[in-house]
Amino acid sequence: MLRPVFSRIRATLRRRRLDAEFDDEVQAHLDMLKERFIRLGMSPAEAFYAARRQFGGVTQMKENLRERRALPPIDVLVEDARHAFRQLRKAKGFTASAALTLALGIGASTAVFAVLDTVVLRPLPFAEPGRLMAFAPIDRRGTPHPTSLSYPNFFDFRAQNRVFEHLVSYRGGERFTLTDSLPAIQVGAEIVSWDLFQMLGVRPELGRGFRPEEEKPGTHVAVLSHALWRSRFGGDPGILGRRIRINGSPFTVAGVAPAGFRFPVEDTTIELWTTVSADEEMLYQRGARVLDAIGRLKPGVTAERARAQMDQIAGALARQYPDDNKNVAKTMVMPELERLTGRSRKPLWILLGAVGLVLLIACANVANLLLARSTDRAREFTLRTAIGASRPALVRQLLVESLMLGLVGSAGGVLLAWVMLKAILPLAGESIPRIWQTGIDGRALVFAALVAILTSVLFSVAPAIQVVRADLAGALKEGAANIARGRHRFRSALVVAQITLGLMLLVGAELLIASFLHLAQRDPGFRTDHLLTFDIALPDAQYNKAAQVAFCDRMIERLRAIPGVRAAATGMPLPLGGDEMSVSFDIEQRPAAAPDRPHSDIAIVTPGYFGAMRIPLLKGRDFTERDTADAPRVLVVNEAFARQYFPGEDVIGKRIEPGATNGRQDEMQMREIVGVVGNAKQAALSADPEPIYYFPYKQLSWGVGTIVLRTAVPPREVESAARTVLAGLDKQVPMYKVRTGQELSATAIARPRFQMVLMVSFAVFALLLTVAGLYGVLSYAVARRRREIGLRMALGAGRGEILALIFREAMQLVAAGLALGLAGAAIGGRLLESMVYGIQPGDPIFVAAACCAMVITSIAAAYVPAKQAAAVDPMRALRSE
Amino acid sequence: MPKDRSEVLQGTLDLMVLKTLDALGPLHGYGVARRLEQLSEELLRLNEGTVYASLLRLAQKGWIRSEWGASENKRKARFYSITRAGRKQLAREAESWERISGVIGRVLRLESQG
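Heads up: the protein sequence lines correspond to chains A and B, in order. So for the first sequence, our numbering puts the first residue at 1; every next one is plus one. So for the second sequence, our numbering puts the first residue at 1; every next one is plus one.
Next up, chain A with everything else stripped away, as it sits in the complex:
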């Protein structure tokens, strides 16, 4: 198919030589013919003419072949472009509206494509990323779901499998404190197996990375991020082998990661990597599931085969250690990219689909504009045909015009995409992995250019067909009513299609708005206003557990004394914070074997926490200062916990034995439930309240929780006072992750909000474009039916009847569009099911509301043309033709 095109391109490059060669060839032919005629007895002069006669028109043939051999010469294309430019400049209104429409469509789709490309399509930034697999055991309780690994289990998987080149555990969520001569800073740290860099195929920029023996407890080595190395150590290459103080202990710097290196990819806060030796306490606890794992498959091994072998190992471990492993006898091996992008993939594709609809609507609008214009230009085309332009030349002219329009549109679109990304990326925050890397890069530009070309061809097809088909002579004679009618029908069909697509987008936007409002207005179970939260981390080396508790007490006391602070407390983890800790427990009345015990979320809080958070105490008592380590062990549970585990009973006074202890020497103990509080949401997106039980912080000292301050003034106003308090206690303890309650809840629903904002802006674009399209078609209809309207008025039709006439035409189009749109909206609603919370996508109220919105805006769009129609002066209208 393409061969002739390539041949023409080649010929174009050698145009001059080929022309000369062909001249020679023709000359030779003529000479041979002439000689032949001379042999047959003609005189040379006779033979010359006979040869020419036999050959046919020599010059014509040369011209003809020259044209066919190569591409249209550049100067022709340039001339086309010039002409197109003149045409576009002449019709400024048309050009502006078409280019703007295109910019809107192309810009929105380029922005969404850039996000999708960055988040989903781009491979992981490591060597041979296809062989990187996420590995996790599957917990069979409830819906089987991937869960975390314990160190002993991980070590067994690592030692026994034959399918992974490297298998690496990683655990984050730790903040390490760097204390050197500079003021202390807090950095995110990831605790990883020694072969992380080997597994990823990444060479550290400096140094060697870790060695196997550095997993041994007691070794302290660290690899620094490039940014940390530059900012904290001035990019000093002498850093290698140096000792730096981390959490009060000396760590040897084993390397510096290359610039831009991130692991885990989705975590932007990690600045430091250290080996599993940091987790000394957990290395021997088979029940402590805290690890994620990632591995590199050996060449040629499939994920399926790897999973089969890991399943075998898991099965053996479950038999060997039933108490800890009975419920995790299966495993999951899935491409790391899929794990990373799994939850974002479908919504982003759906958004790209939605923005594709916007683009189609934009194309329909431009096609509509072009059709209206080509009607006006029929005379121009006829004239050009009359003076010798061929139809292909006219079509080429149209295509060049469209392409220019497309290019202008896509330039505007790229600009718009850039602005859009600036506006929407902060909305997503960190709720979508990698999204912060999104920018207008080469791939996005190529996408924009391709879309521009594709749409140019798409929207110039209709006008081009008309040029080819139109009886051009007829157009000169005016009154080509048939053509006009067909053209009008086509334009109407375009508007119907726009309404159909627009309705789908409207319904989609409504669903996401409703879902978002549902999430945002849902009572989180605590008051988010007048609340400030922040974290601190005490270096383990300087603060043992008793010192941590003492520090916490003194800090809370001083924080409470800040003017404007009503209450201060700590909690770990906070609701909506994205962190959850789950611990199994045994109910005194109904003891069960270890693997069959229920488990639920826990939190560790200080006395006064429920008051500070405004989580209502429903029954029993709150924790007090008397609930110390030596006092009887107590717990508070939430309502959901009481209902789920003690239905119909009074939960106060019941005793359970949680599987959480203060350390290796501590025994598990029965603890008495002394109070019931309201349900505070741990996870923002889950539908039902989750059971949770609370420990007083002195009876389970796992470190200092997040500080919460209930304020009488706007919460940010007490921030600096809080910093002063902290510095007064210990200059080396930094404060981080300072957030108001409202920011906390906003972050929790960032992803639904991001999706909603995009979808709503698409729907608004769609509605605007559709209204513009409808307006255009109706205005044209009024102009076309001027005579008819005049006639009706002359025959006695009133203003109202004329208005009704135009509105009827509008509503016919809208009704057809809505009818088709209903089917589309049903399909769209089903697609969105995974993106909405707490609402029924199939609820007819959504479709009904969208239809109403469409009808109302359509009436608005029809109003101006209808008024024009009613204002027709019958005398002038009838006289005009």
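If you are wondering where the hints come from, they were derived from the structure by calculation, not from laboratory data. Any given hint might turn out to be false.
Straight line, CA to CA, 30 Å or less: simulated BS3-like cross-link-like pairs of lysine-lysine [what the hints assert, rightly or not]:
id: 1; chain 1: A; residue 1: Lys346; chain 2: A; residue 2: Lys681
id: 2; chain 1: A; residue 1: Lys62; chain 2: B; residue 2: Lys19
id: 3; chain 1: A; residue 1: Lys34; chain 2: B; residue 2: Lys19
To give an idea of the chain B side of the interface with chain A (calculated C-beta under 8 Å), a few residues [what the hints assert, rightly or not]:
id: 4; residue: Thr50
id: 5; residue: Tyr52
id: 6; residue: Glu67
id: 7; residue: Ala70
id: 8; residue: Arg78
Where a beta carbon is used, it is the ideal one built from N, C-alpha and C, also for glycine.
Given chain A's structure and the hints, the job is docking chain B onto it.
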């Protein structure tokens, strides 16, 4: 309609040129023209220039190729020869041509009977 008729003729001419090159081996444009004249026994009178249009079409599709050589009377001339793709195309075309002409022949006979 005149456009359609010329298209049929173009296709026919291309087929004949292709067959000629297949049967006689490399030829220059003049040679092709002589051969066609001979074969058609003056039934097909064509401007010999159109042979070159046909040769260009065939070359652009990759069915023939050309190279410069010396003609019988020591003139520089471009010789055209059929390519492998050209032979395949020729086989296809010849088959469909025979099928169509067979059908047309039958239809025409049928009419003359009726």
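Now for the hints, and whether the structure bears them out:
A threshold of 30 Å between alpha carbons decides the hint, and for A/Lys346 with A/Lys681 the separation of about 26 Å falls inside it, so the pair holds. Proposed proximity of A/Lys62 and B/Lys19 is supported: the alpha carbons are some 25 Å apart, at most 30 Å. Between A/Lys34 and B/Lys19 the alpha-carbon distance is near 26 Å, which keeps this suggested pair within the 30 Å criterion. The criterion of a C-beta within 8 Å of any C-beta in chain A is met by B/Thr50, whose closest approach is roughly 7 Å, and the hint holds.
Interface hint at B/Tyr52: satisfied, since its Cβ lies 6 Å from the closest Cβ of chain A, which is below the 8 Å cut-off. Taken as an interface hint, B/Glu67 does not check out: its beta carbon lies about 12 Å from the nearest beta carbon of chain A, beyond 8 Å. Look at B/Ala70: its Cβ only gets to about 11 Å from chain A, farther than 8 Å, so that hint breaks. Because the smallest distance between the Cβ of B/Arg78 and any Cβ of chain A comes to about 5 Å, under 8 Å, the interface hint for this residue holds.
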